[in-house]
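Engineer: Could you put the whole structure together from the sequences, leaning on the hints where they help?
In order, the protein sequence lines correspond to chains V and S.
Note that the numbering used here has the first sequence beginning at 1, numbered continuously upward.
Note that the numbering used here has the second sequence beginning at 337, numbered continuously upward.
Treat the hints as calculated values from the structure; they're not laboratory data.
C-beta atoms are modelled at their ideal positions from N, C-alpha and C, and glycine is treated no differently.
No false leads were slipped in.
Distance ranges between label pairs, derived from CB positions:
hint, chain 1, residue 1, chain 2, residue 2, range
1, S, E533, V, G298, 25 to 31 Å
2, S, Q591, V, G298, 32 to 38 Å
3, S, R537, V, A190, 26 to 32 Å
4, V, S299, S, R413, 49 to 55 Å
Protein chains: 2
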Amino acid sequence: MRIGVDAMGGDLAPAEQVAGALAARELLTEDDRIVLYGRQGEIVEHLKVAGDWSERIAVVDCPEMIGMSEPPVEALRAKQNSSLVRLAQAHRSGEVDAMISAGNTGACVAAAQMHLRRLAGVHRPGIAIIVPTFHGPVVLCDVGANVNCRPLHLLQYGVMAGIYLNRVAGVEAPRVGLMSIGEEDTKGNALVRRTHELFRRRPEIRFVGNVEGRDLFRNSCEVVVCEGFVGNVCLKLMEGLAEGLFKALARELAQQTEGAFAMKARLALGALAARYDYSEYGGAPLLGVNGICIICHGSSNARAIYNAIRVSREFATQGVNERITTELTQNAGMGE
Amino acid sequence: MRIGVDAMGGDLAPAEQVAGALAARELLTEDDRIVLYGRQGEIVEHLKVAGDWSERIAVVDCPEMIGMSEPPVEALRAKQNSSLVRLAQAHRSGEVDAMISAGNTGACVAAAQMHLRRLAGVHRPGIAIIVPTFHGPVVLCDVGANVNCRPLHLLQYGVMAGIYLNRVAGVEAPRVGLMSIGEEDTKGNALVRRTHELFRRRPEIRFVGNVEGRDLFRNSCEVVVCEGFVGNVCLKLMEGLAEGLFKALARELAQQTEGAFAMKARLALGALAARYDYSEYGGAPLLGVNGICIICHGSSNARAIYNAIRVSREFATQGVNERITTELTQNAGMGE
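Structural biologist: Right under this line is the structure:
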């Protein structure tokens with residue numbers, strides 16, 4: 001398997017992208033390769049520190065790069081020689097078998113949709129993020145690919161995210177909840193009510209009904225579906241709140257306890273932060289595209305890139321896309 | 337001022353509602369009264385423990401009550417003698433000057449809209465909740481009254497929530513952000529893009545542009561507006577995540593540290609939880625109705641009811657509604 005990494009995408013690129021790739025060599029089998037897309041000179045500078053890297057890693061020189069806040073579609077059109085566009089093209093033509101980027105999320109989604117197209121049966125791809133909770137992983141889909149959701153899109157997110165969680169995290173028969181503002185069937189907006197009916201007609205999906213934001217942390221279900229706008233707000237809110245709570249708690253502990261205790265408390269906080277660290281899950285796949293596209297957080301470090309490479313291998317070896325196609329083409333026509 | 341409390345609304349009613357009312361007597365001036373609506377016999381049982389309560393508290397007997405998960409509109413129609421309906425009617429007719437309920441939120445919103453009607457100039461009422469953050473209070477509006485928002489509704493939420501925060505929490509010239517999925521003006525869904533334009537045309541509002549979920553905790557603005565569906569998902573998500581994080585942290589601390597330290601750590605956690613306790617802000621006002629309607633969390637305890645009574649007094653003495661009417665009628669016609 002050949003795994004393509006956008007070495008120029010992300011706040012810490014290319015240093016952390018390269019470091020992650022170097023570390024991930026231990027995951028590879030004889031035939032696997034990591035291919036880094038970006039400015040060759042810069043990338044090689046970072047590779048050199050590891051001695052002979054060329055056995056497992058290749059570099060494809062791309063002079064341009066897309067900035068984190070450029071308008072996605074315009075940037076893709078204007079920068080045909082950017083690391084991201086070249087990577088997406090390489091994935092389409094089969095030069096690589098997966099693409100990983102921590103760069104501009106909108107541009108990455110657009111590039112993947114444009115070049116890879118959709119899997120048979122899929123109406124709209126969605127980004128699935130695994131949220132580490134105290135009861136185990138919960139996957140939230142979509143967190144930002146699709147802001148104009150129709151009921152069938154949400155239904156398919158439930159199916160695709162369930163397969164992903166099952167194959168990559170080993171969760172058996174995941175329960176699917178529909179994000180709403182009250183558990184009663186009749187609550188929510190028009191999209192939620194119509195989607196609810198659609199789920200009810202599909203007994204093969206383990207649908208638990210509407211769930212609320214807090215149910216993510218209450219062992220109510222393992223998959224939560226919502227439209228991209230809502231999911232993205234949730235994702236950023238969780239990030240901000242967790243970050244803020246940890247900071248406030250560290251301050252509170254420092255005030256209330258003397259030196260030795262404060263140290264231990266910081267260790268406990270650190271252990272907890274590590275256990276619920278998003279980067280351990282290695283980015284979020286764009287489910288439904290005809291390929292493997294893993295989108296990483298902009299601030300990804302080497303560990304996150306390492307894990308994204310691991311996840312992209314599991315995604316392939318576990319046959320996530322094959323399973324999605326089988327499921328969605330078998331049950332086509334039962335939609336809206 | 338006469339403050340009406342739905343003594344039967346909430347998971348812990350009527351015990352905590354009555355206890356909160358008893359404690360809140362200390363807030364009242366000579367002419368103030370608290371009026372409890374609900375089953376007189378039960379309420380008086382709880383009042384009796386405090387000795388002579390009748391100087392500051394009155395009870396209005398209402399034989400019916402509306403359950404937490406009853407369909408709002410149907411329940412209001414069927415239960416004309418419920419504590420909530422009688423309270424809303426009493427507020428309309430001027431028998432009380434404020435209504436407080438920790439019961440069925442949907443029913444409370446519907447009862448207030450039905451009986452109190454809207455303030456002059458207001459298109460749609462919205463629930464405003466104060467989120468305690470590390471940089472001070474941030475108000476989020478709407479968190480569930482209005483799932484079919486139009487741009488003008490969101491604009492008015494910005495104005496109303498700003499006035500509320502200014503008058504009740506003393507925040508000077510609050511900055512207003514529009515919840516979206518990226519800070520760029522062009523990001524978001526159709527509602528957000530149109531609302532953004534509307535805000536830009538109103539220089540008297542201190543609009544900072546689009547914000548993301550994490551900006552609630554990053555001192556980006558003091559008011560965040562969003563449609564009710566998104567706001568309600570956010571509210572419940574914050575609740576669930578904070579609860580879950582505190583639990584996980586308590587467990588982690590217990591594992592990593594010996595007895596004396598674990599105790600201190602628990603004290604620190606407790607202090608933090610108290611500082612960021614929603615109940616300190618005393619419920620969320622339904623802004624824009626022609627009256628004072630304070631909606632409390634279903635699990636409200638006596639402290640939360642006490643604070644809701646405090647807030648309803650401040651709401652009146654600070655002239656929040658008068659200010660809203662002035663602001664919105666002055667600037668009417670500049671809308672969509």
